[in-house]
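Student: Residue numbers (our numbering), protein chains in the order written: chain A, 4 to 224; chain B, 682 to 993.
Worth flagging that the hints you see were computed from the coordinates, not collected in a lab. Where hints are given, some of them may not hold.
[To be verified] Calculated lysine-lysine pairs in the DSS-like style (CA-CA distance at most 27 angstroms, straight line):
| no. | chain 1 | residue 1 | chain 2 | residue 2 |
| --- | --- | --- | --- | --- |
| 1 | B | Lys950 | B | Lys822 |
| 2 | A | Lys223 | B | Lys950 |
| 3 | B | Lys925 | B | Lys886 |
| 4 | A | Lys215 | B | Lys728 |
| 5 | B | Lys728 | B | Lys893 |
| 6 | B | Lys701 | B | Lys822 |
Quantities reported herein were computed from a predicted structural model and do not represent experimental measurements.
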Amino acid sequence: MSGAGPSTSGSVHRGDPVLVDRYTVGARMNHWVTATSLVLLALSGLSLFHPSLFFLSSLFGGGSWTRVIHPWIGLVLFVGFLGLFLRFWKLNLWNRDDRKWLLSPRAILTGHEETLPEIGTYNAGQKLVFWQMSLLIIVLIVSGIAMWDEYFGSYFSITQKRVAVLVHAVAAIGAICVWIVHIYAAIWVRGTISAMTRGQVTGGWAWRHHRKWLRNLVTKH
Amino acid sequence: MYPPLPNPSVSPVAAKLSDKNLMRRSASTIPQGEPVQQVAKLIDTSKCIGCKACQTACLEWNNLKEEVGFNTGSLTNPHDLTTASWTLMRFTEWVNPETDNLEWLIRKDGCMHCADPGCLKACPAPGAIVQYTNGIVDFVKENCIGCGYCVKGCPFNIPRISKAEGKAYKCTLCSDRVAVGQGPACAKACPTQAIVFGPKEDMKKHAEARIKDLKSRGYKNAGLYDPPGVGGTHVMYVLHHADKPEIYAGLPNNPTISPLVEVWKGAVKYAGLAVMGAAAAIGVVHHLVNGPNRVSREEEEAAKRLAEGETK
Ligand code: HEM
Ligand code: SF4
Ligand code: SF4
């Protein structure tokens with residue numbers, strides 16, 4: 004046992020409260036680039052989606068600029084998300100506990116986590132957000148390119164473009180809903196946001212929500 | 682013969698068509714504008730000699746310059762509508778299976794000025810496409826954002842987007858000339874009166890007489906092309922073979938706004954806004970009911986014990 008005062012053992016830092024490293028600087032930068040582009044895409048896309056939201060195009064310097072810039076931000080999003088995907092896909096693989104966890108929606112939604120199985124780095128809800136976003140972003144980039152007349156207009160027929168624009172709009176709604184769930188979860192579950200700002204969470208947060216992950220970190224060092 | 686268009690008066694005339702006469706405006710809800718007489722252009726394919734005077738008159742009046750093209754063995758030149766060629770004579774050599782005769786079909790392609798315009802339905806930019814109460818569908822350049830949605834909305838594949846300018850172009854039915862009591866430049870230039878212009882009802886009557894004449898000459902399927910699927914059009918054709926419009930360089934048989942476009946611009950818009958709104962609202966309600974999901978003091982203590990190796 005070490006003496007008094009905070010000391011570090013791997014990614015678990017003793018102190019009051021205990022602090023646990025969750026995301027590296029690289030992962031956080033990667034996340035925020037992706038997050039920013041997703042928000043900008045949602046705003047610019049929605050301005051074209053419905054007349055009542057057209058005013059949002061003034062954020063981007065008017066309708067023409069919105070139309071020009073949106074697909075480019077889409078490329079940034081795609082590259083950014085690809086980075087996140089490569090970092091985290093393994094941790095998001097489905098396992099038996101995820102099924103069990105999901106089967107108690109009442110306990111999850113009322114915050115009674117003591118009745119749920121202990122969870123590793125990600126719970127089933129987070130994994131679903133991850134996989135749904137992955138799928139939707141693939142759909143969005145493929146359909147988005149088919150709608151990007153400026154560069155790809157001559158490669159697609161009008162019927163293909165009609166399908167693309169419909170699929171893109173539906174997938175965008177889906178992505179925005181998944182995003183709402185993601186943001187809401189980060190706000191509702193207090194103590195989560197610091198994971199992506201300072202890269203750390205408190206030991207209590209890890210104990211409450213991701214106990215298996217915490218146990219692994221403690222035994223690893 | 683339908684009376685030819687009068688020569689323009691040289692004294693200035695006040696425009697009779699303005700924003701007061703709009704019946705539809707893209708991405709906007711507007712009150713019904715003051716009515717003006719419904720107009721139409723009637724193109725009689727049986728009288729057209731393919732001289733392209735109309736095509737030239739269009740370039741001339743609208744001050745457009747087409748690029749010098751190349752020959753691919755067809756008189757259709759340029760090979761497609763472009764941002765400068767808002768109208769195009771399309772030539773088809775068709776062998777009539779009944780008579781074994783080669784028929785030379787010539788159709789003046791361009792915007793049909795649909796009563797239910799798919800371009801306008803698809804357009805996301807307020808006021809970039811307008812429809813006047815006389816039936817003319819016009820693009821308003823200042824409001825256009827160049828997104829190309831009108832191309833996807835149009836059942837006739839008409840609008841063209843200029844890459845240089847990022848704006849959409851198509852036939853205006855010479856709305857500027859019609860506003861001062863003139864007819865379209867193409868109709869004015871046509872030497873055989875294959876193109877005539879006037880009130881839509883008159884055009885239909887004129888077409889009837891033409892169709893009767895064609896029928897008496899053995900074109901038993903002669904007829905008027907005023908497709909009901911788009912509510913009728915303000916550019917109509919007299920066809921010798923109205924039973925198969927597609928032989929005229931792919932003129933659609935019974936065109937309608939694509940169901941894909943209807944769903945995209947209909948159900949998806951309302952359902953989309955509702956679903957996103959509901960997702961956000963559920964979040965707010967959930968938070969109000971359950972309160973925040975907070976870590977307790979005991980949990981911090983438990984983590985501390987774990988970190989210090991006191992528990993396993
Ligand atoms: C991933 C790459 C993406 C590409 C290449 C792309 C491309 C496009 C293009 C070309 C358009 C047509 C307007 C324009 O020309 O700017 C468009 C519209 C739109 N985009 Fe994207 N986009 C992408 C991602 C996204 C994302 C992530 C969202 C939402 C979160 C989104 C939401 C929308 C919406 C709502 C529209 C309007 C659809 C409509 O008018 O109904 N896009 N996109
Ligand atoms: S290109 Fe212009 S006219 Fe066509 S849909 Fe877009 S904003 Fe409307
Ligand atoms: S033909 Fe196409 S561009 Fe012309 S009014 Fe109809 S939908 Fe619009």
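Student: Which hint numbers doesn't this structure obey?
Tutor: Structure breaks hints 2, 4.
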